[in-house]
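So the protein sequences, as listed, match chains E and U. Going by the numbering used here, the first sequence opens with residue 12, and the numbers climb by one from there. Going by the numbering used here, the second sequence opens with residue 1311, and the numbers climb by one from there.
By construction, these hints were calculated from the structure, which means they are not laboratory data. Worth double-checking, as some hints may not be accurate.
Said to hold, decoys possible - Keeping only pairs whose Cα atoms sit at most 16 Å apart, straight-line, the calculated EDC-like set for lysine to aspartate or glutamate is:
#1 1393/U to 388/E
#2 1439/U to 368/E
#3 1599/U to 1611/U
Listed below, chain by chain, are the residues.
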Amino acid sequence: MEKKVLFANIDDPKQPEIDTYISKGGYESWKTVLKKMKAPEVIDTVKKSGLRGRGGAGFPAGMKWSFVPKDSPKPKYLVCNGDESEPGTCKDRVLMEHDPHLVVEGMAIAAFAIGASHAFIYIRGEFDYPACQMRKAIDQAYSKGFLGKNILKSKYNLDMVVHTGGGAYICGEETALLNSLEGKPGQTRIRPPFPAVEGLYACPTVVNNVETLSNVSLIIKNGADWYTSMGTEKSTGTRIFCLSGHVKNPGNYELELGTPMSYLINDLGGGMADGRKMKAIIPGGSSTPILLPDKIDTPLDFESVAAAGSMLGSGGVIVMHEDTDMVWVARTLAHFYMHESCGECTPCRQGTKWIYDTLTRIVSGNGEMEDIDILLDLCDNIEGKTICPLGDAAVVPIKSTILHFRNEYEHYIKNKKPLVENKFMSFI
Amino acid sequence: MDKIKLTIDGREIETVKGKTVLEAAKDNGIDIPVFCYHPCLKSIGACRICLVEIEKWPKLQVSCATAATEGMVVSTNSERVIKARQGVLEFILANHPLDCPTCDKGGECPLQDTTFKYGLDFSRFHEKKRRFIKNENSTFDDLKIGPEVIRNQNRCIHCYRCTRLVEERFFEEDLGHYQRGAFTEILPPPGGEIRNMYSGNVVENCPVGALTNDDWRYKVRVWKTTEVPTICHYCSDGCNLRMSVFRNKIYRGQSRANQAIDEGLPCDLGRYGYQFVHHDDRLTRPMIKKNDELVECTWNEALTVIRTKLEKTISNLGASGVACLVGESLANEDYYAIGRFFRSVIGTNSIDHRIYRKKKLSFNEDAVSRELCWNKLDIADLENGRHFVIIGGDPNSENPITALRMLKAKRYSNAKITLLNPMPTALNRASDDEIIYKAFSEIHLLQGLARIIIEKKLYDPENKALKADEIKAFLKNTKEYDIDTVSKRTGLSPEKLEYLAKSLCSSKNTVFVAGETIRVHYQRDPILISLYNLAKLTGNLHGNGAGILMMGGESNTKGCYYFGMRPDRLPYDLPIIKKDNLKEVWDDVSDQPGFDTVDILQKIAEEKIECGFLLGLDAVDHYPDQEYIRSSLSKLDFMVVADLFLTDTARMADVVLPITSHFESDGTFVNWEGCLQRFNRVIKRPGDIRSLWQICSQLSALFDKDFEFSTAADIFSQYAPLMGQSGINTLKDIPETGLRFNKNKAYPVFPLMAVEYREPSSEDLPLTILSGNGDHHFGRNFSTRCDSLNNFLADPYVALNPKLAEEMTISEGDLVKLENSSGKIVAKAVIWTNLPEDVVFIPDNFIEVKVNCIRNKDNDIDRVKLVKM
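Same shape as in the complex, but just chain E (with noise of 0.2 Å):
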């Protein structure tokens, strides 16, 4: 069911303000932390909790934090990854735009709990205005004596800056994100040596995405039976769904993990607009496999989705209508991954280019019946084979429009047009 956790606060205008933010029971989780908690007992707590990582795959954050070496001379740093650029997916944005002190909070959190004296905001570079809340959200943590040296009058410090990257969706992955930050083009790194042990500056580095951290400062604050008692048994907690495509209501939406993809759709985004029939779903972002409309019912979890042969990545639910052009909708996001490859290995940079530079032969008539099948093999040749997991996002529409929509693409071929007429996409 809809539960505002995250956004319970989302809606007051003055939510931004630091006082406002205090009023309502703000920081209380920062000062029992330092008052009161030792580093491992905040990484426990959070283990508990069992909250998952919020950016894609999933991974569990306390465990991550857990990774650091406690006995490393090098200093430590958290880095949060608000790079949001998948397609389909808005929430951070929101988050760092109408809650900032949410995430700061939770960052300082996991920076103690890691022993970071650094932490750092990574940014896209379109996203000007989450930007400057973030800004002004840490100048005023800093005057209020949140953040700095011996904050609280406890021995701990801590510097928090935000960092705008160039605005590229690899710098989404934590290794590209670690090069950026450092000032370096924005490719990934082969691991290992993973962040945790050597991430920013060859130092251990743990990098979580904005809605990971804000939730922390609940988990502190209600305790990790609270958090277990939402969700399911391995997703724990509520997550934001962004909705969007050919429904009446697009929107953020937060909801208890392991509720029906159908009450999202239907219940709260008022189902299909103009009337139409629905054709698929991508569950999670664009790099996730399409859903068929019979799997409408598929709880929104880490495993029903995966059950389902999706992945719940990052939330960004997307919905298409019948009239949707299949071929057209894979060429777009085919030009998508082909921009923004980072050009760093070889399967992705000159495969991307050349899915794009086919799926685009077929869409403008020319396309030969054997493609079909050399997509799917590029795709093979693709998938596994990367250093890091922009590859095997981008075959995943291919691979899933040729799976399910096979028929399309043979019309596009035989016919020199497509299947249906609407091109448009409105979500991309």
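The hints should help you fit chain U onto chain E, whose structure is shown.
Showing chain U alone in chain E's frame:
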């Protein structure tokens, strides 16, 4: 080292822990194709061609970045691997233009080879190939991105070796990648070009023809050439090179990786610096002076004249009337033959190579340079250094490959680099501290630092090598070097000096490096002793990656020393009194030490020497007082010059003998480490020229002495027993990686020694001259006769401080005159923002501007005044 076992393709192989799967496979002869992997770089796993299948790992892994572990089972040729590899190759070739017939890389192209071996013979790519058009008028889309580098982006396969080399190993910023995805371009920064000292490496290490050399392209196909191994003859690093030869012409120089020295990354001097051998001005026939004019003659004529004159001199003045000065880039075989001829046939010991000396050294030079500064470290040891303190030198231009090792230690082990120099140097791009002291205040600086270390008790009290009484004595004897005086003399604040002293004591494994400025300094030995004191105080005298280094010099400066080119030394560093060791081979040698350079010039002026030989040396342009050496040499009754070109010295000679360059003969060099390396004849000699050893042997035949050698190899066999290296009897016995002398020699420890600063004599003029190598040049003999190197810097200049330039209303490019009582030089002005106000820098490489015209042998420091033209 821990040994581990793993299985690759069903073969159980043993390797060392820490190696990657790729390295383990390569060591055992299992081929895995690579593009982005380079042994000198960290693996980034970008090209994905080296994917292998590892049991229990779900995904294929890049072998270049996967560590080999015990019990690992790897397959390099399973069905999955073959499909993935063909897929990657297909992707790489998709946008590659396949213009192999016009591409210079064709024939030695890793992409070609890998495609032949692993690729498919067809392509499924029917789209339009990506094309970067930079030049509408050219079919080839070439873009000149540096003086010697041309880029064709269409061919690029984005392995990023070039940009990684430049950034990771060279610490330069003149090449990067722009845009992204398939449209990523390799480019210098906007408005810049790739012109670093190592720029040629990006061409050689490009796995396709995307980066090519202006020098080499479109001249000859690679399969037409033969590759001959040789050694670089510029600086004293001794890089291993291979030259591509076609029809007796050298077309290019490439690396021949010697892990102990160059690691396969030689600098541009070695790569492009061969071009002088084919220069039109090469002398090809002997010349003899008739009626004040040099005319060509036969060898017979020339040698007979030399014999007659030598006999006449000996009957007039005795053998001491003959003297010989040699250059520092001849082969050891030449030195041996020269020594044998002059010492045992003529009977004179007046042989010297130290032409840069103005005055005799007050100190017993041998005691210092042999015992204190005998380099105990070699280039590879520098990797273990954690702090490099470089004083009075620019390793980037004097010893580029040694500099590269220091940079390597910085990159991978976070070593510190501190530069102490009278002017900024190119290595400051990577240095932690760059400290500019007032020129010629080294003694104050070093002795002052030693005092601060003692006074502030910064040294390690546990250090047993430091005795309390020597510290006490040192403090007592250096009273006048208190911090205020030192601060005033060096121009550095007391805080800075203290900071520096602390920094010297804060790190272990410190290497103190003295550069060329120190080598030719009027107080060289006191400075070296001060460095010795510092090394002792900081506990860095011995140890792996700690010690004192003396660099600089030319390709075989060390060889001059080893092979007896000093008045008091016989080959292999034998003092003259031990001449009996040579008895079996040589005739008797006089036990009277001969004269050194300073004395020889003096004796010539006094007419005690009337027959002079200048072999492989342009003394007139090298000696730091042109007027004096000209007047001195003109007093010689008979002067013989052997050189490749008609130099200023050769013009004064009575007989000029054309000699071979090291490309035209076999031989050996000794680099600064003391590593003896062999080079082979690369091309046949042009015209009628001979090697110096040949000339000496033929001359001795005229004196009825038979040297019993007819090749360079014979000479080596003759002197090899003297070296006392077991198993080394012929040239062929020299190991591939060179023969290291004295590596395990024991060194005595001296107490701390106080040295005294001697006020230099100089003219009372405002500007001090500093000189060194210009960009991409080295010495005066060869580099300015190479077109490719001239593409980097073709004209001499005088560098000025901007304030000085403003005062005198000089702008960049104006002609300026530097003059003092010795003479004047005129050159174009350039303005360097961080050059100190009281110095001018002049590159000492160009024939047009002779810096020694404004030097005077009676002054320790040469000062000038600047006049705008």
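Could you tell me which of the numbered hints above are not met by this structure, giving the numbers in increasing order?
none
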